[in-house]
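**Q** Keeping the supplied structure of chain Y fixed, place chain S with the ligands upon it in accordance with the hints.
Next come the chains, spelled out residue by residue.
2 protein chains.
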Amino acid sequence: MSTPFELDVQKVVAAIKSCLPPDRDFVGLHEPYFTGNEWNYVKECLDSGWVSSIGQYVEKFEEMLAEFTGVKRAVAVVNGTAALHVCLKLAGVEQGDEVLIPALTFIATANAVVYCGAIPHFVDSEEKTLGMDPCKLGHYLSDIAEIRGGSCFNRITGRRMKAVVPMHTFGHPVDLEPLLDVCQRFHLELVEDAAESLGSFYKGRHTGNWGRMSALSFNGNKVITTGGGGAILTNDESLGKLAKHLTTTAKVPHKWEFYHDQIGYNYRLPNLNAALGCAQLEQLPAFLEKKRALALRYREVFQNISGVRWFEEPGFARSNYWLNALLLDKDHVHERDVLLEISNVQGIMTRPAWTLMHKLPMFKDCPAMDLASAESLETRLINIPSSVFLGGTYGQT
Amino acid sequence: MSTPFELDVQKVVAAIKSCLPPDRDFVGLHEPYFTGNEWNYVKECLDSGWVSSIGQYVEKFEEMLAEFTGVKRAVAVVNGTAALHVCLKLAGVEQGDEVLIPALTFIATANAVVYCGAIPHFVDSEEKTLGMDPCKLGHYLSDIAEIRGGSCFNRITGRRMKAVVPMHTFGHPVDLEPLLDVCQRFHLELVEDAAESLGSFYKGRHTGNWGRMSALSFNGNKVITTGGGGAILTNDESLGKLAKHLTTTAKVPHKWEFYHDQIGYNYRLPNLNAALGCAQLEQLPAFLEKKRALALRYREVFQNISGVRWFEEPGFARSNYWLNALLLDKDHVHERDVLLEISNVQGIMTRPAWTLMHKLPMFKDCPAMDLASAESLETRLINIPSSVFLGGTYGQT
Ligand SMILES: Cc1ncc(COP(=O)(O)O)c(C=O)c1O
Ligand SMILES: Cc1ncc(COP(=O)(O)O)c(C=O)c1O
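Protein chains in written order, with the working numbering: chain Y, 1 to 397; chain S, 1001 to 1397.
Listed below are the simulated DSSO-like cross-link pairs for lysine-lysine, each with C-alpha atoms no more than 27 Å apart in a straight line:
hint, chain 1, residue 1, chain 2, residue 2
1, S, 1359, S, 1330
2, S, 1089, Y, 251
3, Y, 72, Y, 251
4, Y, 60, Y, 290
5, S, 1060, Y, 43
6, Y, 255, S, 1364
7, S, 1089, Y, 364
8, S, 1330, S, 1011
9, Y, 359, S, 1251
10, Y, 241, Y, 60
11, Y, 11, S, 1255
12, S, 1364, S, 1089
13, Y, 255, S, 1017
14, Y, 203, Y, 290
These aren't lab readings, by the way, just hints derived from the structure by calculation.
In isolation and in its complexed conformation, chain Y is listed as follows (with noise of 0.2 Å):
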């Protein structure tokens, strides 16, 4: 018998179990939907043959990336991580330098910045977004940032500070803009990691269209997929050029020659991969329609349910719902693991948030503030089927 005090662990699984179709024996996390043009894509690519640097699809892909989120440029790229890499460099970030970026997030975004030779500096999250606090942040950096020369700089470590990375996690937008107050009260660059955020607005306004460039990743477990895949976004459209420049090896354009004008990387996307981003992005809107229904559901069985909390999105955001979210009422994050056993055994893919960067062997020397409040949300959060297929209708709604 449950108390109101208790959380009664078959009773989430099963309010989980009534939003989702009863007739498969197992519902990953975020699976793929693959019902427009793929295929004939594809099949395009393949029959001309072009599937790797030469074909139409790369451009076509960039295009409506840029049409949707509302930037100016969008680079198509190998994946999100690749994204954040040169995000980073052409915010600046140079051997040394301090980024500060959650602690609260997935590995790609501590990694981009030790790719840059620099050192993450890690900041607390707050619960309205699961992103980054910016109050927190703006009182921290009073208290340790110095500004020399137009530059930021850490007082404790000497080091500089050069960039601000938020995070929109699970989809769901961080508070911008405080933030980019903060950023600009300190100098710093603001690089949003949107890489789970495609789909998702703040104030009307997409997310990755805030900063001096972000990052988005179609990874096969986002809201769509080209494989493996990223982009970067900017509205600087000679940062724009830069990031093509960097992603395709810098080689300077010639009828033959190969000229190489500075260290670049081979981070281009496929044609082949990107004729799959093009057919998955015109279905986004009705995606993400998709994966609202299956939120709105989510929230309706949960409104009852003691001990746990559906997280929904904060007032000022409209969230993609890349990956719904329960968070535990404090008192239970011992059943966090019992709920996570019980829903993995019954084919249900449920998992818990990231374990925080700064608990990671290569990051715990890293400067970090206090880190209350990412350190309560990592013992509470878990994450629950949210597949774009589970949104349509099957019965039970």
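**A** Using the frame of chain Y, we list chain S with the ligands on its own:
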């Protein structure tokens, strides 16, 4: 009128043309060729939804690669550049080390060194193989190298020299045995850049199967393609395991936890691209036969043309003839650009060698030995159309 001492550029172009299909407005340098199961396997990916990190093709592709090349372990990655990067990391290349690479190579070889925080050190090539000159390298190292505590140091720069990266130019194997000998004498790791040499053998054993690790590329212009892709080859099972770990974000396997034990990379090859790779690999022996048939045709027609020589595989090698190459006599370097111009205008794609690495602005201060032979080759090399399909029978054979 051409005398024996002149190069008749029109005659050279006519000779190339006589080996090509008569009915084509444009013949590329190396076009993809999809005539097997490409279709079926890619469709299977789309139908199942497994286009990304999950799916059977990556593992199958790795097994097929290991079998064909005779190595113990192949790890599929996102491209050849990524493969080289990880090979160097796993060969122990660290920040501030020097890595010996040919000056005559594609930019990726040098970039991969820089990604490790190391410094390229340029080595001359020999005309016999178009690749690293083992004899000259040996003499050079006798001059400048010093062994201390089991490691090799450059007495001039004071930096450790960690590895040697020969590259099998246009598919032609370098002289590996004397090179291995030099590596052993000077405590240097051998890492082969075998990006261009899938299907090329040195003394009966596959290239990429001689050093500690090696890198393959499946870019759109290679013998087989995955759109974009590459692989790491090694006979050291534990290094192979580590390569897989590092290229998949260094995530420690767990039912649901996200724990990464070191800095890793998102270098995995998507299942969609691996599917294409499996279909292509099935046809590799047939592709190699076709490429050899074309090469023999070129050999024949160039036997009677003076001032230029068709490059033939060295006696110890069986080459994949990835890109057929012409070598102008030393007196005729000034006609190189005329030849490039005339052939390209006529829709026959030709191109010169890469700009030598030490001439690029970002590498101009890197250490280098005397590069006389590479300098000469750079002015005299021209690649001519070499696609698999050109080896078919279509009239003139
Ligand atoms: C927050 C975040 N950042 C970066 C990435 C990296 O994207 P990718 O996996 O495409 O490299 C991901 C997705 O995996 C992510 O969730
Ligand atoms: C010699 C050499 N090394 C490395 C590479 C890099 O391979 P990729 O283009 O797949 O990154 C290539 C091919 O482009 C190459 O020709």
